[in-house]
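Go ahead and model the full structure; you've got the sequences and the hints to work with.
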Amino acid sequence: MISEKFNKWIFDTYPFQPRDLAAYRIFYSLFILFVLMPGRPSYLYYNFMADLPSDLFFPPYGPMFLLSGFPPAWFYLLLETGIVVTAVLLLVGYKTRWISLLLGILILIGNGFSYSMGKINHDIIVPLIPLFMAFSGWGAYLSADKKLSDPPPVDSSWPVPAIAIFLGFMMFTAGFPKILGGWLSLESFATYGHLINQHFINGRTDFLSAFFVGLDSPVFWVFLDYATILFEVGFLFAVFSFKWMRIFCCLAVIFHFSVMMMLNISFTPNLIVYALFIFDWRRAGVNIELFIRKNAFIREPRFVLSAGSLLILTALFFPPLYWLNSLMTLQSDMLFYETVVLSIFLILALRILFRTLTEMVLSSSLKLKVKSYNPHV
Amino acid sequence: MSRYYIRLIFIGILIFLPLQYALVGIIGAHRSEPWPAFVFPGFKNVFHAEESVTISSATFVALDSAGNQFELEPADILKGIPVSHHGAIMRYQFKRYTIDRDSNTKFVSDEGWEWFQNQIHKNNPQITPLKELYVEWYDRVFIFDEMEISPDDSRLTHRFEIKVAP
Numbered sequence: 001m002i003s004e005k006f007n008k009w010i011f012d013t014y015p016f017q018p019r020d021l022a023a024y025r026i027f028y029s030l031f032i033l034f035v036l037m038p039g040r041p042s043y044l045y046y047n048f049m050a051d052l053p054s055d056l057f058f059p060p061y062g063p064m065f066l067l068s069g070f071p072p073a074w075f076y077l078l079l080e081t082g083i084v085v086t087a088v089l090l091l092v093g094y095k096t097r098w099i100s101l102l103l104g105i106l107i108l109i110g111n112g113f114s115y116s117m118g119k120i121n122h123d124i125i126v127p128l129i130p131l132f133m134a135f136s137g138w139g140a141y142l143s144a145d146k147k148l149s150d151p152p153p154v155d156s157s158w159p160v161p162a163i164a165i166f167l168g169f170m171m172f173t174a175g176f177p178k179i180l181g182g183w184l185s186l187e188s189f190a191t192y193g194h195l196i197n198q199h200f201i202n203g204r205t206d207f208l209s210a211f212f213v214g215l216d217s218p219v220f221w222v223f224l225d226y227a228t229i230l231f232e233v234g235f236l237f238a239v240f241s242f243k244w245m246r247i248f249c250c251l252a253v254i255f256h257f258s259v260m261m262m263l264n265i266s267f268t269p270n271l272i273v274y275a276l277f278i279f280d281w282r283r284a285g286v287n288i289e290l291f292i293r294k295n296a297f298i299r300e301p302r303f304v305l306s307a308g309s310l311l312i313l314t315a316l317f318f319p320p321l322y323w324l325n326s327l328m329t330l331q332s333d334m335l336f337y338e339t340v341v342l343s344i345f346l347i348l349a350l351r352i353l354f355r356t357l358t359e360m361v362l363s364s365s366l367k368l369k370v371k372s373y374n375p376h377v
Numbered sequence: 001m002s003r004y005y006i007r008l009i010f011i012g013i014l015i016f017l018p019l020q021y022a023l024v025g026i027i028g029a030h031r032s033e034p035w036p037a038f039v040f041p042g043f044k045n046v047f048h049a050e051e052s053v054t055i056s057s058a059t060f061v062a063l064d065s066a067g068n069q070f071e072l073e074p075a076d077i078l079k080g081i082p083v084s085h086h087g088a089i090m091r092y093q094f095k096r097y098t099i100d101r102d103s104n105t106k107f108v109s110d111e112g113w114e115w116f117q118n119q120i121h122k123n124n125p126q127i128t129p130l131k132e133l134y135v136e137w138y139d140r141v142f143i144f145d146e147m148e149i150s151p152d153d154s155r156l157t158h159r160f161e162i163k164v165a166p
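Chains as they are written, first to last, in the numbering used here: chain A, 1 to 377; chain B, 1 to 166.
There could be a bad hint or two in this list.
Claimed, not checked - Pairs of lysine-lysine residues, derived as BS3-like cross-links and limited to a Cα-Cα distance of at most 27 Å, are as follows:
#, chain 1, residue 1, chain 2, residue 2
1, A, K371, A, K243
2, A, K119, A, K243
3, B, K122, A, K119
4, B, K79, B, K95
5, B, K79, A, K119
6, A, K119, B, K95
7, B, K44, A, K119
8, A, K5, A, K243
9, A, K119, B, K163
Hint data in this document are derived by calculation from the structure and do not stem from the laboratory.
Spelled out as structure tokens, the structure:
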């Protein structure tokens, strides 16, 4: 019985077809290239370490502990360019399995050095995705591999529930210490405390920060403490249902948007994994395939080569979202383009959340009606 | 990949995740969080509204060859490194672990001293040449009253010198 449920969860809960995963692969590559922006602050940004002395090298326990200092400048240039090139190759689906593994490893190497000064950003899920997806069928469709008859195994969507359990567990690790730390006490205002710290000490005074600092409502702050824990711990249980995972990922976008408005902290990298569960990749895959069929020139090697080169140059030298930062400078260390990206995700997440909840309510009321229907009466 | 191996992978993941979490807790209490680790930040600290808030913060003190003293914010010294790293760099590299307790000094290499000189010169060209460099840690107390916060007291808790290792 348990074994049956276990099998059902692994193989049937997340009904992703290779074409759906291929659409997500394209999204993932574009997100890496134009949102996380290799070589630009703040995520896949490594070249700032080029001038740092080894005195500042303070690696955490782990593989970086085996090293003794920062690499020279050319290494970061190679690394950032390597990430851009592999992301473009992933986008076109060339040697997808190997490129996915390489991209994941390159990001891990860069992050490893970047986190060897004391600060660790908890964005390991970003390289984890291609490392897992390398074993899925995300290169079997909408790819150069398909054209070159070099498709990876097709029937393998198991990396999706694997990523779900990693995400759910990681969310749980955010909620569980809060319970131990006393967030559930009615006398503590943990969220408010963090707001005060961020606002007055760290200078995160953008957006609605000042408004919330002045909000004298103990009930509201206690509610936020409880809601945060419920949401973060509940994520672990959501992984067993695709529908609930979608709902929780939509809530996560709303949560991060609220955190950005209040505490001026954005978790932009997380959006890349929420997107896997939020969006309708089946429809996206069909639309992309239709588009490619209608525009046959897209499949021509010459077009792929020139468009790929253009993408590499654009991502390296003129990342389009980066110029948004010049429109507004924020007091906090957030960049304006992150606000724009998160706002777009918020609108989409709200729409999908509303639709999913409506569907759930309608289907459960329909089930009730069917149950109570007695043909003999 | 056969279903048998996929099942094994999942069983492995389900065993691995809690184990690594326990390890993160143990290592984290001993030194700092290990990496890579599959955790999100807990932000477990709580704040009691009736209490004052004590925040530990650092200031660099630079002396030039004429004996003039300049107070510099960590952001002045760490300029070029993303701001989100500054707090952790100060906490881990200029507070614990890397300070020689006997001499109360943080020893750096020639390369490291040159970097400090360059950073200070770049952002504060009046401090030339840099002769001595200190870090001072303060406990700054803020009083929280009626949803307003105001500075109350500031106390020097630790002062040490940064110099080239002999």
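Outcome of the hint check:
no., hint, verdict
1, K371/A <-> K243/A, "holds, 22 Å"
2, K119/A <-> K243/A, "violated, 35 Å"
3, K122/B <-> K119/A, "holds, 24 Å"
4, K79/B <-> K95/B, "holds, 19 Å"
5, K79/B <-> K119/A, "holds, 16 Å"
6, K119/A <-> K95/B, "holds, 14 Å"
7, K44/B <-> K119/A, "holds, 17 Å"
8, K5/A <-> K243/A, "holds, 17 Å"
9, K119/A <-> K163/B, "holds, 24 Å"
The structure does not agree with numbered hint 2 stated previously, though it agrees with all others.
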